[in-house]
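**Q** Below, each chain spelled out in residue letters.
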Amino acid sequence: MMGTLDYIWMGVLAVFQGPELFSLFGLPVSATLLMILAGFLVGIAVGATPGLAGPIAMAIALPILISVFGYTPDALLPVMGFLIGVMKGATIGGAVPAILFNTPGTPDAFMTTLDGYPMTKRGKAQKALRVAHFSSASGDTFSDIVLFVCAPFLAIMVEAYLDLPEKTALLILSLSFIAAVIGGSAAKGLISTGLGLLAAYVGTGEDFYPRLSLDSPMLAQGFPITTAVLGVLIIGAVLKELEDLWRTKQARGTIAPHRDTGDQRLHWADIRRLLPVIGRSALIGTCIGALPGIGSTLAATLGYSVGRSHYARTKRPDAPEFGKGAAEGIAATEAANSSVSGANLIPVLSLGIPGNAAAVFLILAAESIGGFNPGPSVFRFTADAVNPELVIAFGLFTAMMIANVLNWTIGGLFMRSMGIMIHIPKHILLPCVLLLTLTAIYVQETRMEVIWFALGFGVLGYLMRVVAISPLPFVIAFILGGKLEETTRQAFAATGSDPWFLINRPVAAAFILLSVLVILYSARKPKAKS
Amino acid sequence: MMIRAPKSNLILGLVMVIFAAILLSLWIPLDTQTGLVEKIRRQVVIGDALAPTVAALFLLIGGGLLVVVDRTADGQPKPSLRGLGFTASLIAVICISLVVMRHAGPLSVWLINTLHGDTLEYRLLRDSAPWKYIGYLLGGTLMISGMIALVEGRIRIRAVLVALLAVLIMIALYDLPFKDLLLPPNGDV
Numbered sequence: 042m043m044g045t046l047d048y049i050w051m052g053v054l055a056v057f058q059g060p061e062l063f064s065l066f067g068l069p070v071s072a073t074l075l076m077i078l079a080g081f082l083v084g085i086a087v088g089a090t091p092g093l094a095g096p097i098a099m100a101i102a103l104p105i106l107i108s109v110f111g112y113t114p115d116a117l118l119p120v121m122g123f124l125i126g127v128m129k130g131a132t133i134g135g136a137v138p139a140i141l142f143n144t145p146g147t148p149d150a151f152m153t154t155l156d157g158y159p160m161t162k163r164g165k166a167q168k169a170l171r172v173a174h175f176s177s178a179s180g181d182t183f184s185d186i187v188l189f190v191c192a193p194f195l196a197i198m199v200e201a202y203l204d205l206p207e208k209t210a211l212l213i214l215s216l217s218f219i220a221a222v223i224g225g226s227a228a229k230g231l232i233s234t235g236l237g238l239l240a241a242y243v244g245t246g247e248d249f250y251p252r253l254s255l256d257s258p259m260l261a262q263g264f265p266i267t268t269a270v271l272g273v274l275i276i277g278a279v280l281k282e283l284e285d286l287w288r289t290k291q292a293r294g295t296i297a298p299h300r301d302t303g304d305q306r307l308h309w310a311d312i313r314r315l316l317p318v319i320g321r322s323a324l325i326g327t328c329i330g331a332l333p334g335i336g337s338t339l340a341a342t343l344g345y346s347v348g349r350s351h352y353a354r355t356k357r358p359d360a361p362e363f364g365k366g367a368a369e370g371i372a373a374t375e376a377a378n379s380s381v382s383g384a385n386l387i388p389v390l391s392l393g394i395p396g397n398a399a400a401v402f403l404i405l406a407a408e409s410i411g412g413f414n415p416g417p418s419v420f421r422f423t424a425d426a427v428n429p430e431l432v433i434a435f436g437l438f439t440a441m442m443i444a445n446v447l448n449w450t451i452g453g454l455f456m457r458s459m460g461i462m463i464h465i466p467k468h469i470l471l472p473c474v475l476l477l478t479l480t481a482i483y484v485q486e487t488r489m490e491v492i493w494f495a496l497g498f499g500v501l502g503y504l505m506r507v508v509a510i511s512p513l514p515f516v517i518a519f520i521l522g523g524k525l526e527e528t529t530r531q532a533f534a535a536t537g538s539d540p541w542f543l544i545n546r547p548v549a550a551a552f553i554l555l556s557v558l559v560i561l562y563s564a565r566k567p568k569a570k571s
Numbered sequence: 020m021m022i023r024a025p026k027s028n029l030i031l032g033l034v035m036v037i038f039a040a041i042l043l044s045l046w047i048p049l050d051t052q053t054g055l056v057e058k059i060r061r062q063v064v065i066g067d068a069l070a071p072t073v074a075a076l077f078l079l080i081g082g083g084l085l086v087v088v089d090r091t092a093d094g095q096p097k098p099s100l101r102g103l104g105f106t107a108s109l110i111a112v113i114c115i116s117l118v119v120m121r122h123a124g125p126l127s128v129w130l131i132n133t134l135h136g137d138t139l140e141y142r143l144l145r146d147s148a149p150w151k152y153i154g155y156l157l158g159g160t161l162m163i164s165g166m167i168a169l170v171e172g173r174i175r176i177r178a179v180l181v182a183l184l185a186v187l188i189m190i191a192l193y194d195l196p197f198k199d200l201l202l203p204p205n206g207d208v
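If you're matching them up, the sequences are chains A and B in order. By our numbering, the letter at position 176 of the first sequence is numbered 217, and the numbering carries on one by one without gaps. By our numbering, the letter at position 58 of the second sequence is numbered 77, and the numbering carries on one by one without gaps.
Hints should not be assumed to be uniformly reliable.
Below, a list of computed lysine-lysine pairs in the DSS-like style, where the Cα atoms sit at most 25 Å apart [stated by the list, open to error]: (1) A:Lys467 <-> B:Lys97; (2) B:Lys58 <-> A:Lys524; (3) A:Lys290 <-> A:Lys524; (4) B:Lys97 <-> B:Lys26; (5) B:Lys97 <-> B:Lys151; (6) A:Lys162 <-> A:Lys365; (7) A:Lys162 <-> A:Lys356; (8) A:Lys162 <-> A:Lys290; (9) B:Lys97 <-> A:Lys290.
What the hints contain is simulated information worked out from the structure, not anything from laboratory work.
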């Protein structure tokens, strides 16, 4: 008979006794453990390199990893362990260029520049990096603990209380949240979501005729998920970054070397002062991460805003203002964006709804390898037979914890040594990233037309950035589009073709009402640019 | 030449509204075989047109909100035609490189056949060196060096060497260790 503890133990063992890479002094070394470490180091390196981010490393690595480990269930934990390592490493690595050079690698790290760079200019770069590392690792730990404790219970509640109409309504609510809170405005979020849904529905459907295919055999098969996701997220970003580089080339100055002065250590007094800020931001980030479809950029913005209003009331007269080099500003942002990563796996695993780009790649890996379908069935605690998906889920939690230990032990040291990455010229690096991404797409699909599709989606991603439309709602809508249609069809059939199935059940109606309110509220209220 | 900032949301909104209208009135009805709902064996089921219609409604509402509410919003983007032109030239370089990547291998086999009277076929050689690398090496080098040259505003031998090195590293990364990975364009020629 299987109990909860048995599942947890099997998950832990799956990581430590999984596929053996080699043996050291007669002891087998688990591939998953090494992949987590490798992913973590790669993550910090790409996070610390301006113009790169975790998703780029994940995109390039995914086909290689799948080729190494194959399409078997044994491949899931090493591949996902690597992705989790990258996700965690890139989150803390992203603070490096933000603090040292005022160039945030990702939108999540934008708020870190506001106080980090002024500290660097005051000769406190090492201290700022220590604050960022401590806050990031603390927020991450808090989030992982919440994931471990809450994910199974939340998933069971989802299974118990949400039937097909409620799940349909929840997917609509997730899309509304994404449209409303990610990006510049609700209107642009809706457009991004609409385009993502439209792309998902080309060439698919239940009829023999491939819909919206314009009679083209190329479109009749639909767009492969990697093509759309990597095209919009990465190729679009590369094109926009290159254009920005070209535009600022004339006015580009040289980076003056900074010199640290005074005490750079993080004292207990500093930690005691920062802990309440970190605690608040970790809570905000965890709550945001646990909500389906909402990512780390919003968490960073909210964490910073809450931290600023609290700091204004409690700050010492001689302490710097928020935005002018306050360590609390770095702590508020880094704790919030790092604490999203753990909690974000709750909706990913229990509902299959990602909240940020890193989670999107975990779903891509699961789809590519097979044998693991994110959804309520993952957390089915079957007593008579082993549920392998649940073992994988606890294996993933273990991987999160191992990455967390790495974060505390070698993360800070490695992060501070990565400042050197800033010296790689972006205009050389980005074309290489573009070819690497196109190659990664090709080796997975082996059709030239997918490269052309990816380029097309890249142009779309570029144009979206030009007109300030966030590409993330597009990507998430593309991933959820098929699921939304399938759940709607099932709910419609299960309710005896009731056209009002979304509003005549209280929970579903509440979700739909909330979706409308979220959109209306966001459309009415101008929001700070994320 | 710059598009005036206060108008960019309005233009984008109108484009989206028109696109959504075309979707709803032409593309979806003409390019899906089943309607919003269908009756199959006396049971009403959802048709293939419903989901794209919802997507079009997202575009319509989003575009409408941009026109009505966000038309005068602060901080609207300012796309520059020069910037767009630069990116168009980047895309042109990528497209030319992809065409070279696709055809360089078969073309080199054709050249060898013409010069030496051989009867080689690229399809049979596409998984053997050096043939399998020709397209990727030439197309990839052209892509990277061309993009670097565009940003730098001049062609330098250093850029070509960097590109060549980068492509060789990518070949080493994707092709040498794995028997089952095929570099472009070798999967479909």
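**Q** All hints are to be evaluated individually against the structure, with a verdict given for each.
**A** Comparing the hints with the structure gives:
1. For the given pair, Lys467 of chain A sits about 24 Å from Lys97 of chain B by alpha-carbon distance, which is consistent with the 25 Å threshold.
2. Under the criterion of a C-alpha separation no larger than 25 Å, the hint pairing Lys58 of chain B with Lys524 of chain A is consistent with the structure, at around 23 Å.
3. Restraint check for Lys290 of chain A and Lys524 of chain A: the C-alpha separation of about 44 Å exceeds 25 Å, so the hint is violated.
4. In summary, the hint linking Lys97 of chain B to Lys26 of chain B is supported, as the alpha carbons are separated by about 9 Å, within the 25 Å threshold.
5. Simply put, Lys97 of chain B and Lys151 of chain B have alpha-carbon atoms about 45 Å apart, too far for the 25 Å limit, and the pair is violated.
6. Taking the CA atoms of Lys162 of chain A and Lys365 of chain A, the gap is about 10 Å. The hint holds against a cut of 25 Å.
7. Proximity of Lys162 of chain A to Lys356 of chain A is assessed by CA-CA distance (about 21 Å); at most 25 Å being required, the pair is judged to hold.
8. At most 25 Å may separate the alpha-carbon atoms for a hinted pair to count; Lys162 of chain A and Lys290 of chain A meet this at roughly 23 Å.
9. Proximity of Lys97 of chain B to Lys290 of chain A is assessed by CA-CA distance (about 18 Å); at most 25 Å being required, the pair is judged to hold.
Of the numbered hints listed earlier, those contradicted by the structure are 3, 5.
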